[in-house]
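Participant: As they're listed, the protein sequences go chains A and B. Take 352 as the starting number for the first sequence in the working numbering and just add one per residue. Take 352 as the starting number for the second sequence in the working numbering and just add one per residue.
Everything labelled a hint here was simulated from the structure, so no lab data went into it. Be careful, since some hints might not be right.
For chains that are exact copies, the list does not tell them apart, and a pair is met inside one copy or across any two.
Said to hold, decoys possible - Derived lysine to any residue pairs resembling SDA-like cross-links, with alpha carbons at most 20 angstroms apart:
1. Lys-731 with Arg-806
2. Lys-673 with Val-499
3. Lys-869 with Pro-678
4. Lys-945 with Ala-861
5. Lys-945 with Leu-853
6. Lys-476 with Pro-1010
7. Lys-710 with His-608
8. Lys-731 with Gln-632
9. Lys-580 with Lys-987
10. Lys-945 with Gln-925
One-letter residues, chain by chain:
2 protein chains.
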Amino acid sequence: MASIAEERRAPSFPIRELTYWLDGGRSITEQKERVMLELERDPLWRVSDHPNLTLAETRERAMSKVRRLADLATSRPQEETLLRMSIISVVDPGFWTRFGVHFGLFFGALQGQGTPSQLAYWMSKGALTMQGITGCFGMTELGHGSNVAGLETTATFDPETDEFDVHSPTLTSTKWWIGGAAHTATHCTVYAQLIVGGKRYGTKTFVVQLRDTKTFELMPGVNIGDLGKKMGRDQIDNGWIRFTHVRIPRSHMLMKHTKVLRSGKVVEPPLAQLAYGALIQGRVSMVSDSANVAKRALTIATRYASVRRQFGDGTPGAPERKLLDYPIHQHRLLPLMAQTFAMTFAAREMTANYHQLMKQLGAVDGAQGADASDAIKNLKETHATSAGLKAFCTWMCLNIIDQCRQSLGGHGYSAYTGLAQAYADFTVHCTWEGDNTILMLQCGRYLVATALEARNGQPLPDNLAYLKGALAAGAAPRATGDVGALDTLQAAWSSVAANAILSAVRAFEAGLAKGLSKDNAYEFSSAARLHAARMHTYTYLLHRFAAQVAQSPAALRPVLARLAQLFGAHSAVQHSGEFLQSGFYTGEQIEALKAFVNSACAEVRADAVPLTDAFGYTDYVVNSPLGRYDGNVYEKYFELVTSLNPQKPVPYFDSLIRPLLERTNESDDGPELEFDQE
Amino acid sequence: MASIAEERRAPSFPIRELTYWLDGGRSITEQKERVMLELERDPLWRVSDHPNLTLAETRERAMSKVRRLADLATSRPQEETLLRMSIISVVDPGFWTRFGVHFGLFFGALQGQGTPSQLAYWMSKGALTMQGITGCFGMTELGHGSNVAGLETTATFDPETDEFDVHSPTLTSTKWWIGGAAHTATHCTVYAQLIVGGKRYGTKTFVVQLRDTKTFELMPGVNIGDLGKKMGRDQIDNGWIRFTHVRIPRSHMLMKHTKVLRSGKVVEPPLAQLAYGALIQGRVSMVSDSANVAKRALTIATRYASVRRQFGDGTPGAPERKLLDYPIHQHRLLPLMAQTFAMTFAAREMTANYHQLMKQLGAVDGAQGADASDAIKNLKETHATSAGLKAFCTWMCLNIIDQCRQSLGGHGYSAYTGLAQAYADFTVHCTWEGDNTILMLQCGRYLVATALEARNGQPLPDNLAYLKGALAAGAAPRATGDVGALDTLQAAWSSVAANAILSAVRAFEAGLAKGLSKDNAYEFSSAARLHAARMHTYTYLLHRFAAQVAQSPAALRPVLARLAQLFGAHSAVQHSGEFLQSGFYTGEQIEALKAFVNSACAEVRADAVPLTDAFGYTDYVVNSPLGRYDGNVYEKYFELVTSLNPQKPVPYFDSLIRPLLERTNESDDGPELEFDQE
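Work out the full structure, taking the sequences as your base and the hints as a guide.
Facilitator: Structure representation (structure tokens):
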């Protein structure tokens, strides 16, 4: 414990002030602290025993928390609910999903795709408060995930009865992965092919009742099963659903965008793209979640590294050396710390952009003209940026969790030190709400298209302003002065990202030149597009980070600037080929950059534990004996393991072990087989 | 199913012949097939239901298999047992550990560190066959893992009674992670500080009885607890052990190397290093395991990608496109395929080297002179190479598992598709028997030391022959001719590895020049050393791969050569900075290499499914409906999930869901609070 106390003796910055800055202000920090305390004090929210629960117990415990949260969510201000959910997402991510499926996905679909009167109708039935209705979200199928347009479930309009017939025609059309379907939901927003008069109108959304709300019996024609055990997030009861000609009234199709009239006439919306705004929210929240989960992982790994000692420098009798004092350990953790700050600032900015966009979209909803075209342009940009960031940050966070876990040595493999489960819970973020690879390609496609438009004289959006110089095709920029200075690094990344985008453009054009269709030319350029999206996202993160440094209070600026430099320089060394190829850095400058990374690590190391303190998570949220604030790791780890696993006689000693130990080889005992005696 | 059948129509190579070549000969393939069939037919070895077992059931099931295997292991030829274990390590890795702790670690310690008469004694007590003794291996402690010399447990010689007093003096000295301790073991090989006459002689090994073999009661002074849930491998019952002045006879210290005589005289061995030969075996087997587990992961991901269809090229009515037909998907999987072949060949060569080394060490055991110095040189080299390979290949395989799992989309998150658990089970390979980072640094230290010796005129070992040119400091080599040719790639990697080693040498010397001690100068150069070890290991893998291509049958040579090129070229593109910095490739050549990787992927894609067939795993071993040979993935996946998760009423509907749905807000119901009426 003295080991960690000495780490806090002389931080280079005011810890509390950094917490406020990261949270977005003192009042938010204080609200966050109230929520953390409230959760910690509620016995329902005990999480330290999660590893010892069975699947059945895990799900039941999660359900017992739903009511508590439903009451809070509907009685407290929305910002408080969002804050509470963002903390729950770190402490108890499986529960977050159990709850989020109803409020975020099911209710979100009603809100985003229902008309005002439809929304009012479902709210009157209790869809917001779960008083009468619990919902799930029926999009993916056994054979279809990313390609929503390819879903096979059908909703066929029957003009005779003014109903839709919802049907699963094939095995692969079985709704699959539907969170809440196995145990929880009475209703489902089902994505299905709208068919009217024999014609297909694409995938629309329909509210289908799954279970009787009084008896919980399955409705006629509805078949549901349990998907059972998953890699993580077992708190949520994912299921499969098959529909056999289930009839629903026409009014249960959500008609904010496309409408089906009594006559069977289909009215399509003027601005189909507006329906996609809703997708962005999930992605933005996953960028925040990446930052938040990474903070927890680094708190555990960094604090443990300040307590754990291993080997010495050969001085007899001296205590072993702290892990954190090894340059190689600094190299393992501190660039990840810098990445975590980068993600935090990007998440904040994306969230603000998203709210602004929603306001803008709300204003033009249903309208047209200049305002709408601005809004759609903004939507396209936010859609692409959020796609790239979601993919990039969830992968980055996943890597941070696993690196932090491995840095704990053997103790990282215990279920009681917190990061094994964190990995299993988090990794699904890389797949759901857009598979990361596909999102990166979408982002890359936007980058190529925007570069092409800019070449034709269209103005560049702010985040791509760096393309301007490259498009003008002047002399390629070169590093001048200090290779690790923040502005040098920004220029370096801008030039590399611009090159990557232009190289993707060239690949796309080479595809067209081969006579490929536009779609196939994009396919042909996919490796280059993915690369462009990655380089662009690094650059975006670094620019946002630098902007935050510039705006930060003077007392925080030095440490934040150092972290921003470490982020930019470490990432550049990891991709040194790009910088050498573009000629921005020479080989000698890359060597200087490596030396800069070493010295930046050593510098950040002095603040490492105070930086974890500034993340502001209580021991309850950190939920790992190795990441305790007081550094009393071994005693508390021992206590936790022994209290959750009390000594008991070996249950199968008599049935299995004794017979093993006491067995004799029968072949040695019996008489020889005799034959041919006659 | 037609989708996968068409993949097998025209392989470019004879599949069966490749299987023989990978396995090391037809007879081994056939033996392997017998073992796979035998396991598949044994109901004890059912593995498809593992995800649904509780921790207690998992452990009990594992114990029930121990006897079956103990009888087989002691009655069948050793090669067959090793082959069986290598398959079990893929199918049922947690059980492999449960069993391996006794045979590999406990019995291995008796064999490697006991005198012949000690070994005979313990064998007579049943230590080989588990007839009377089940063993565990007590090395790591709560506060000590990698630094074996720093272990705190003490074994103090008492000359009065001719006994050792084995004691855990502190909380951190608690033996921790001891596999088999919680439920299984009667005896333990305990690593403890030998203290004689008040003097410490370092860490030695002592056999301590933990439990009464008839009653399974703990022996006096022995305290054991259960470490409970882990990230993976729950089949093995890891525990903690504390000793409170436990007395054992002097003869229970394993004295093959250091001896304590009746008088208390300590006799140290002439060649202490020989004791470390045993460490190598575990590492070599983990290289094999990396290759074998990667084969399974790729079988699943590749076959699924040949069946799963997603999006189209816009042609109306056309079926969706196979994942495997997307260039980006080829990019995700096929370089991993090439890595898997590289690991397979490296594993084979390391295994052969290891057996040769053991023969050599056996011959000099106890002797000295020229033979011993040769053997020790060989030991040092094999030790370093195996350390680097273990670290590198376990990380590589871990990445392959996760990339393959992510490539399955949402279905990768199911516990029934095989790769979620594979990751959790496999990742401990990166930590145990030498934390990967520390092993890489050890390998790097050997590389620096060898380069320094070579500069002083010592001959270079074969695997480092490539340093010769770099040490001679002639002109740096440059690519000539075809950038992706196998010999060009070998030259490229050799030059980059040589540069990395020399750069680590310079960092080490810079440390010395600053006045640091030798150990601290090595610490100072750790980032460069780690990098050198990584570059060296890539180079080693590529050279071994090329050697195997050259020796392979003519019919296999084209496909193997293409895979070797893909391995070398893809890795080079991933590290393009190194090649640009060394000047081996120009920027244009790197672009050409990228284009080569694309075309190599497209070429290997045509053979992708046949290559998984050549891995030769039966559907039982693949153990994933998505990786089935016949491609009938959806039907079998649905069958598996539904059979393991039959429909049942929701267990907590009445207690939790009904009250949620039917609740009313109390505040709306009661009368208004009235006051101040007077």
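Participant: State for each hint whether it applies.
Facilitator: Here's how the hints hold up against the structure:
no.: 1; hint: Lys-731 with Arg-806; in the structure: within (18 angstroms within a copy, 60 angstroms between copies)
no.: 2; hint: Lys-673 with Val-499; in the structure: between (52 angstroms within a copy, 16 angstroms between copies)
no.: 3; hint: Lys-869 with Pro-678; in the structure: between (50 angstroms within a copy, 16 angstroms between copies)
no.: 4; hint: Lys-945 with Ala-861; in the structure: between (36 angstroms within a copy, 15 angstroms between copies)
no.: 5; hint: Lys-945 with Leu-853; in the structure: between (27 angstroms within a copy, 16 angstroms between copies)
no.: 6; hint: Lys-476 with Pro-1010; in the structure: between (63 angstroms within a copy, 16 angstroms between copies)
no.: 7; hint: Lys-710 with His-608; in the structure: within (18 angstroms within a copy, 77 angstroms between copies)
no.: 8; hint: Lys-731 with Gln-632; in the structure: within (14 angstroms within a copy, 57 angstroms between copies)
no.: 9; hint: Lys-580 with Lys-987; in the structure: between (30 angstroms within a copy, 17 angstroms between copies)
no.: 10; hint: Lys-945 with Gln-925; in the structure: both (10 angstroms within a copy, 18 angstroms between copies)
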